[in-house]
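Dock chains B and C against the given chain A, drawing on the hints supplied.
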Amino acid sequence: MEMIPYTVEIREDTGLNNAKLGIWLFLASEVMLFGGLFSAYIFLRIGAVDWPEGSSILSVPIATFNTLVLISSSVTMVMSWASLKTQNFDRYRLYMGATIILALVFLVAKGFEYSEKFSHHLYPSSSTFLAIYFTITGLHGLHIIGGLIVNGYFLGAGSKMWATDPERFTNRIEIAGLYWHFVDLVWIFLFPIFYLL
Amino acid sequence: MNHTAHDVGQHTKTYLYIFGALAVLTVVTVAIGYLSLPIGTAVVVALLIASVKGSLVASVFMHLRSEKKIIYWLLLMTFFFLLALFILIIASIYDFGGTPNVA
Amino acid sequence: MSTHGDHQEMSFWRKYIFSQDHKIIGLQYGITALFFLLAGFTMMMMMRWQLAYPGQPVPFIGGLLGEDNAPGGIILPEFYNQLGAMHGTIMIFLGVVPLAVGAFGNYIVPLQIGAPDMAFPKINMTSYWAYFLGGVIMMVSFFVPGGAANSGWTSYPPLADIATMGQTFWLFGMIFLITSSLLGSINFITTIIQLRVKGLTWMRLPFFVWAQLVTAFLLLLAFPSLEAAGVLQLMDRLLGTSFFLPSGLVVSGQILEVSGGGSPLLWQHLFWFLAHPEVYVLILPAMGIVAEVIATNTRKPLWGYKSMVYSTIFLGFMSFVVWAHHMYLTGMGTAISAFFQTTTMIISIPSVVILTALLLSLWGGSIRFTTPMLFALGFLPMFAIGGLTGLPLGLAAADIPLHDTYYVIGHFHYIVAPGTIFALFAGIYHWYPKITGRQLSETLGKVHFWGSMVFMNGIFMPMFVQGLAGVSRRLWDAGEQYAHASGVLWTNEWMSISAWLLFVFQLPFIYNILRSLRGPKVESDNPWQATTLEWATTSPPGHGNFATPPVVYRGAYEYSVPGHEADFLPQNQPEKG
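In order, the protein sequence lines correspond to chains A, B and C. All residue numbers for the first sequence refer to my numbering, where the first residue is 773 and numbers rise by one. All residue numbers for the second sequence refer to my numbering, where the first residue is 779 and numbers rise by one. All residue numbers for the third sequence refer to my numbering, where the first residue is -7 and numbers rise by one.
In isolation and in its complexed conformation, chain A is listed as follows:
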């Protein structure tokens, strides 16, 4: 029996290969995961006796900087895929490297922000606002780390596939990109909700 069909090639009636459908299904469940946490935020905020203004506790400049970092990383990510589409592997490595560095910058800034809060004795247990802030941004940070691992693999050992099966490798980068943009997208909503409102 041959290999599993539609691993690389596209099925005619759906217009998709397996991995493309798979990642969108995964992202749909991620929407519901963050959606569940956002609904917790809404629930807590509506039911709260008083709710602090985010900017009075959190640092808007750091978060603005981090927003710009994540947006840039999304651009470099999509450029790395576009480079593979034009058969330019060196440029791919450049952009993928940049994506990884930007992700690290984001994490360092976030870590700095967290430790700043801890040094002022602001912990998840301090208030409901901080509790949901640390939970959602922490989970988002875990998603960044997950993306870092995947992207790191595709820059290193995983990129060997470029020599053997370039089409499939390009698809993989597109899939990794979809995940990465989604993580960016979540942050785009996190940012105003916690820092500006």
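Treat the hints with caution; some may be incorrect.
Said to hold, decoys possible - In silico DSSO-like links for lysine-lysine, alpha-carbon gap of 27 Å or less:
#1 C:LYS190 / C:LYS114
#2 B:LYS847 / A:LYS889
#3 B:LYS847 / C:LYS190
#4 B:LYS846 / A:LYS857
#5 C:LYS568 / C:LYS438
#6 C:LYS513 / C:LYS438
#7 C:LYS568 / B:LYS846
#8 B:LYS846 / C:LYS438
#9 B:LYS846 / B:LYS791
#10 A:LYS932 / C:LYS190
#11 C:LYS298 / B:LYS846
#12 B:LYS847 / C:LYS438
#13 B:LYS791 / A:LYS857
#14 C:LYS513 / C:LYS190
#15 C:LYS114 / C:LYS7
These aren't lab readings, by the way, just hints derived from the structure by calculation. The structure presented is a predicted model; accordingly, all values stated were derived computationally and were not measured.
Same frame as chain A, but now just chains B and C:
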């Protein structure tokens, strides 16, 4: 997807424009944050800007503007359930009569 | 995939333990799930002892329970609570769903759509091992200080927030189980949408595949909300947040020192947003199995196949907007309660459509009363009792007095135990020849069926009586202290004896499964003369399932087509001429 090299060159330009738009919108939303609008207005404005940014990322970076029908159906369904979660929870709080968060 | 196509011998570990073949993974799920069903059953039998003979030492195994749990073999209330919480958790998340979805879904779905394997074999393997680890964490929790989780399978805070360490294990275990389900559902949906063979259009799919598809969507989109809730409860327990703890909460006479501002209702919303669709995760694959068995054993097409499919899809959608009918007791407002009562009444319609279609499928059939058919026929009235007794619970006025009584226990057990589990038995008897190439004994099967039928009802029917009398469903001593319970508590002894006899009647089943492994081979690959694709390959199917990808020419249930010699037309048989 069968992109030619020329297509990709076109896309690269689009990606940079979108980056510019996202950066500007980020600055705008922060600036509006300093205006201290009444909370209702502020929520609407901030979420509106975030939605615009989110749709730009989804439609261009994630190629949703030219995606297959089955993906659209999947996302439509997901958002239907997400809205159900949000709306019914909010409705149940307001219908509860009193704040549930104090024993 | 590099593992496919090469024919070199794989090591034992690669072939049977870390296998990526959907059939091996299906079997792994099945065997593990059957063990967990037995574990959950054993816990139930201990609880039934306590309810029938409160304060008397458990016979046979009482000494093994440990002095902390049952000094002198007498079950302590704390241990009874652990058994209750873990019986529910194990039966649902580690027993029934893994058997219905993980085992049957994995083994049968790729075969029925003519695929060589699942779309993502490595993810499939990961999903089994995540399930296995989740199960191990759940079982280990019995040995930590304070024992296993003891706040009910629903883990309601504030109680669960301040419970012993077992609750933390429960949450970690759940996160593994949820991950497993998510990976599994992505795999199922992709497989069903992408890997159907040529000619297998949507309306030619076996109903079982439809049921699995909708189930997978429910798992995919409903489970994340429990994952979110689980993370929040872990934060509450480990980092001292107050997501589910309101300000000014008093515990043991003292105001709890937390920041407050949370609400237990938040947990209930997020939990039931999952757990109501979960009910349909429990029942839809069962309906799918019953549909397959009924079509095969009546020798005629399913009555109303299309309306069954549309009902299933509608059911899936509606199941996301009925969740708060589990929360009428929480002081919910009348407007929102009216909304949820309405949606709950609406969702009963598609279930009735499916059940009616299955019932009408019997009309005029040449019924073969084989063991799988008996279990499928048993499913119909049992599920009907479970469903109809649920209607009063969907209406707030009736639910409020009944909700905390044994009536609810009776209701959902009729759905899951003589309902879903009967369907799963039917599936085991139906597909055993496919999986092993051998047949189960019909005589032992019939003993198994009639014994199970009688004693299932012996356990659960009296629960309606107790519930209507107002007996609370959470009491360690069965309610001895309450005057209103005194008239009906004598039924407990009968229910418990039924439970133990039910166990006795599972022994022929276990023996049958083991003995038949050495029994004679079935002569044909298609012993039931069925039409769907899983019977178009060898029994058991080899690696890659089909020698060449089959082509489908017709719908799934072309039985007794006029003008044909045989009374069945396999989906892959080309039209003559």
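Cross-check of the supplied hints:
1. Restraint check for C:LYS190 and C:LYS114: the C-alpha separation of about 25 Å stays at or below 27 Å, so the hint holds.
2. Restraint check for B:LYS847 and A:LYS889: the C-alpha separation of about 46 Å exceeds 27 Å, so the hint is violated.
3. For the proposed pair B:LYS847 and C:LYS190, the alpha carbon gap of about 21 Å is at most 27 Å, so the pair holds.
4. Between B:LYS846 and A:LYS857 the CA atoms are separated by roughly 20 Å; this keeps the pair inside 27 Å, and the hint holds.
5. With a CA separation close to 40 Å, the supplied pair C:LYS568 and C:LYS438 exceeds the 27 Å bound.
6. Distance check on the hinted pair: C:LYS513 and C:LYS438 sit about 21 Å apart at the alpha-carbon level, within 27 Å; holds.
7. The suggested pairing of C:LYS568 with B:LYS846 is violated, with an alpha-carbon distance near 38 Å, which exceeds 27 Å.
8. Proximity of B:LYS846 to C:LYS438 is assessed by CA-CA distance (about 51 Å); at most 27 Å being required, the pair is judged violated.
9. Annotation: proposed proximity of B:LYS846 to B:LYS791 holds, straight-line Cα distance about 24 Å (limit 27 Å).
10. At most 27 Å may separate the alpha-carbon atoms for a hinted pair to count; A:LYS932 and C:LYS190 exceed this at roughly 34 Å.
11. Between C:LYS298 and B:LYS846 the CA atoms are separated by roughly 26 Å; this keeps the pair inside 27 Å, and the hint holds.
12. Between B:LYS847 and C:LYS438 the CA atoms are separated by roughly 49 Å; this puts the pair beyond 27 Å, and the hint is violated.
13. Taking the CA atoms of B:LYS791 and A:LYS857, the gap is about 15 Å. The hint holds against a cut of 27 Å.
14. For the hint linking C:LYS513 to C:LYS190, the alpha-carbon distance of about 31 Å lies beyond 27 Å, and the restraint is violated.
15. A C-alpha spacing of about 13 Å is found between C:LYS114 and C:LYS7, which places the hinted pair at or below 27 Å, so the restraint holds.
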